[in-house]
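Since the structure of chain A is already known, use the hints to place chain B on it.
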Amino acid sequence: MVSENKRAAVRRVIEQSGLPSAPLIMPDQVLVRERAFLRFKPLAHWLAVR
Amino acid sequence: MVQARRLVSILFALVTAYAASLLGAGYFFADGAQWLDFVRVGLLAITTAWLAWGAVMGISGLFWGRGPHRAPRTRAPSVRTAVLVPIYNEDPVKTFSHVAAMVESLKALGVAHQFDFAILSDTTNPAIAEEEELWFARLKLEHGDGCGIFYRRRAVNTGKKSGNIADFIKTSGSLYEYLIILDADSLMEGATMVEMVHRMEDDPQLGLLQTLPKVIRARSFFGRAIQFSASYYSPVYSRGLAALQGDEGPFWGHNAITRTRAFAESCGLPPLPGKPPFGGHILSHDYVEAALLARNGWTVRVDPDLEGSYEEGPDNVLDYAKRDRRWCQGNLQHGRLLAAPGLKPWSRFVFVQGIMAYIAAPLWALFLIAAVIAPAMKIIPDYFPQPGMPVFPRVMQENAVALLTGVLGLLIGPKILIYIDAVLTRRNRAYGGDLRALQGVVTEILCSSVLAPIMMLFQTRAVLQVLSGIDGGWPAANREAGRVSLSEAWAASWWISVIGCITLGTAWQLAHDYIIYILLVAGPQILAPFLISLTSGGGRYARRGLFQTAEEANPTPVMTAQQAILARWRSEPEADLGPAQDTALRMGQILPN
Numbered sequence: 579m580v581s582e583n584k585r586a587a588v589r590r591v592i593e594q595s596g597l598p599s600a601p602l603i604m605p606d607q608v609l610v611r612e613r614a615f616l617r618f619k620p621l622a623h624w625l626a627v628r
Numbered sequence: 038m039v040q041a042r043r044l045v046s047i048l049f050a051l052v053t054a055y056a057a058s059l060l061g062a063g064y065f066f067a068d069g070a071q072w073l074d075f076v077r078v079g080l081l082a083i084t085t086a087w088l089a090w091g092a093v094m095g096i097s098g099l100f101w102g103r104g105p106h107r108a109p110r111t112r113a114p115s116v117r118t119a120v121l122v123p124i125y126n127e128d129p130v131k132t133f134s135h136v137a138a139m140v141e142s143l144k145a146l147g148v149a150h151q152f153d154f155a156i157l158s159d160t161t162n163p164a165i166a167e168e169e170e171l172w173f174a175r176l177k178l179e180h181g182d183g184c185g186i187f188y189r190r191r192a193v194n195t196g197k198k199s200g201n202i203a204d205f206i207k208t209s210g211s212l213y214e215y216l217i218i219l220d221a222d223s224l225m226e227g228a229t230m231v232e233m234v235h236r237m238e239d240d241p242q243l244g245l246l247q248t249l250p251k252v253i254r255a256r257s258f259f260g261r262a263i264q265f266s267a268s269y270y271s272p273v274y275s276r277g278l279a280a281l282q283g284d285e286g287p288f289w290g291h292n293a294i295t296r297t298r299a300f301a302e303s304c305g306l307p308p309l310p311g312k313p314p315f316g317g318h319i320l321s322h323d324y325v326e327a328a329l330l331a332r333n334g335w336t337v338r339v340d341p342d343l344e345g346s347y348e349e350g351p352d353n354v355l356d357y358a359k360r361d362r363r364w365c366q367g368n369l370q371h372g373r374l375l376a377a378p379g380l381k382p383w384s385r386f387v388f389v390q391g392i393m394a395y396i397a398a399p400l401w402a403l404f405l406i407a408a409v410i411a412p413a414m415k416i417i418p419d420y421f422p423q424p425g426m427p428v429f430p431r432v433m434q435e436n437a438v439a440l441l442t443g444v445l446g447l448l449i450g451p452k453i454l455i456y457i458d459a460v461l462t463r464r465n466r467a468y469g470g471d472l473r474a475l476q477g478v479v480t481e482i483l484c485s486s487v488l489a490p491i492m493m494l495f496q497t498r499a500v501l502q503v504l505s506g507i508d509g510g511w512p513a514a515n516r517e518a519g520r521v522s523l524s525e526a527w528a529a530s531w532w533i534s535v536i537g538c539i540t541l542g543t544a545w546q547l548a549h550d551y552i553i554y555i556l557l558v559a560g561p562q563i564l565a566p567f568l569i570s571l572t573s574g575g576g577r578y579a580r581r582g583l584f585q586t587a588e589e590a591n592p593t594p595v596m597t598a599q600q601a602i603l604a605r606w607r608s609e610p611e612a613d614l615g616p617a618q619d620t621a622l623r624m625g626q627i628l629p630n
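Chains as they are written, first to last, in our numbering: chain A, 579 to 628; chain B, 38 to 630.
A few of these clues could be false.
[Stated by the list, open to error] A few chain A residues that face chain B, going by a derived Cβ cut-off under 8 Å, partial list only:
1) ALA587
2) ILE592
3) LEU597
4) SER599
5) VAL608
Hints in this document: simulated from the structure, not taken from any laboratory.
For glycine and all other residues, C-beta sits at the position ideal for the given N, C-alpha and C.
Only chain A is shown next, with the shape it has when bound in the complex (with noise of 0.2 Å):
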């Protein structure tokens, strides 16, 4: 059983930890090609109601 004390300190501690504020940007990469004919979007729309 944890007593009020120790959840009191607890606490505290956790408040007094969390991460420093240092952001550093991180992009999402480019991972799968983008295909080429559907830049095209007529072609696009033609293929995709045929």
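Relative to chain A, chain B alone:
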């Protein structure tokens, strides 16, 4: 030089596959060629090429990549490094005892002020989360003086482990020059972590440096066989791997250091289009991150000479199969990335290797099926192709013997060569001497040979599940698994026994001549539940010195410290947090980070 090694190694695999195909064709076609014989030759060629590729890695490591052992540099680095410990529903007492031991190891060198530890929790179980907070507080109050230790728990584990690390980078990454990425069961000597930082400083183009973690703390017969194998063979195989991979080396997801900015600019992983298992978040992110770093011109390197890097492994076949299921899905998912723009050719080849690591199992299974049913489809030979004396087909028995010998040579040959090398270099002293090491080598070969037909079916099932769209997800590792009872083993592997019985029965009916060979495969499959349960125990063989490793005989300081901290914490789980608890309550601030 690396290109030349790659060429020689690939040629070796291709030539070996060609030789096996010729021998196989000579044997299969002796009584007339039919379509199933062509299938058998094709399967034989592919699987032999794969075996040969594995063998060349081991043989390469005996000749390439050796160098003098460099003592680690322990002067304080001039830059800050974050040590990341991603956790997911782990046992916090054990995990945090690892962190505590590593913190103390760094303090002993007087360098802890340049390292911060960040425990990144994705725990979803509320009871475990509460335990994490309790034990983190204890860790922080007992060991946080002089070394920053942070804790963050995400409400939603977007992107799983890779997302967890990305979240840290996006929150705090610009504070740190380097990141050491660990797993919950990782353990590293402080001196090793410092040396890793210095090696990164030595080469400004180095984006990621991977160590070769040794498996420790295995208890069961199965676990200790893996531990012995990792300790005895892996350094040689890794030297061979390093010699072939050059600057486009591997990342195994943990026990590695990366340059923060390189990783941040190169390794943001979006979810793949579509649904799991081939779409969604990338499961085996480490291989992809290595490929992306190489794509952006960073060097990725494995340094097998770096000691003091440890991890824990699965202690039974079922946990091994569970981990394998996750890796199988992750590796097959890489098929979506083979055409990713800008990747180096070797990176694409590494993806193919990873896929082949799991595709090989169903290919072997298909080969065995073909071998069993082929005799039933035999064409009755034409004994009188021309008038006159009969012509009997010549059974090319010598081809079959040569083929079998060759396959066994590829499987066992590198291990025997590694043993001989260990005798000549006196490396066996760390393993209890030449005789004890030989005992370990022979027992490991027998153990892996007996379990291989069982693993083949687990992996085949994993591949079929992934290909039919079943998402296995990311089950939490069971790092404290004990003995597997016979009933548990039966529940998990009864289907393997059934397949073994069917295979044996079919072979008895259709391929009586090959029954002895089929028994070598079907026998262990029929006995699967018994073997799984049996090998999950057997810890008593440790006391007799079987599978002894250097780390077992002489635990390193960080290993000893971790065990001591864990034993103390487990003996007093309900203890208050000590005098600092009152300080925490009064002042509202514990220790500055």
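query: Quick one, is the A:VAL608 hint okay against chain B at 8 Å, beta carbons?
result: Nearest chain B Cβ about 6 Å off; hint holds.
message: The hint names A:LEU597 as touching chain B; please verify it with the least Cβ-Cβ distance against 8 Å.
response: holds, 5 Å
task: Closer than 8 Å between Cβ atoms is the bar; does A:ILE592 clear it against chain B? Give me holds or violated.
output: holds, 5 Å
- request: Go through the hint on A:ALA587 and say holds or violated, using the shortest Cβ distance to chain B against 8 Å.
  value: With Cβ-Cβ at 4 Å, under 8 Å, it holds.
- prompt: Holds or violated: A:SER599 as interface residue toward chain B, Cβ cutoff 8 Å?
  reply: Since the shortest Cβ distance to chain B is 7 Å, the answer is holds.
Violation of the numbered hints given earlier is absent; every hint is satisfied by the structure.
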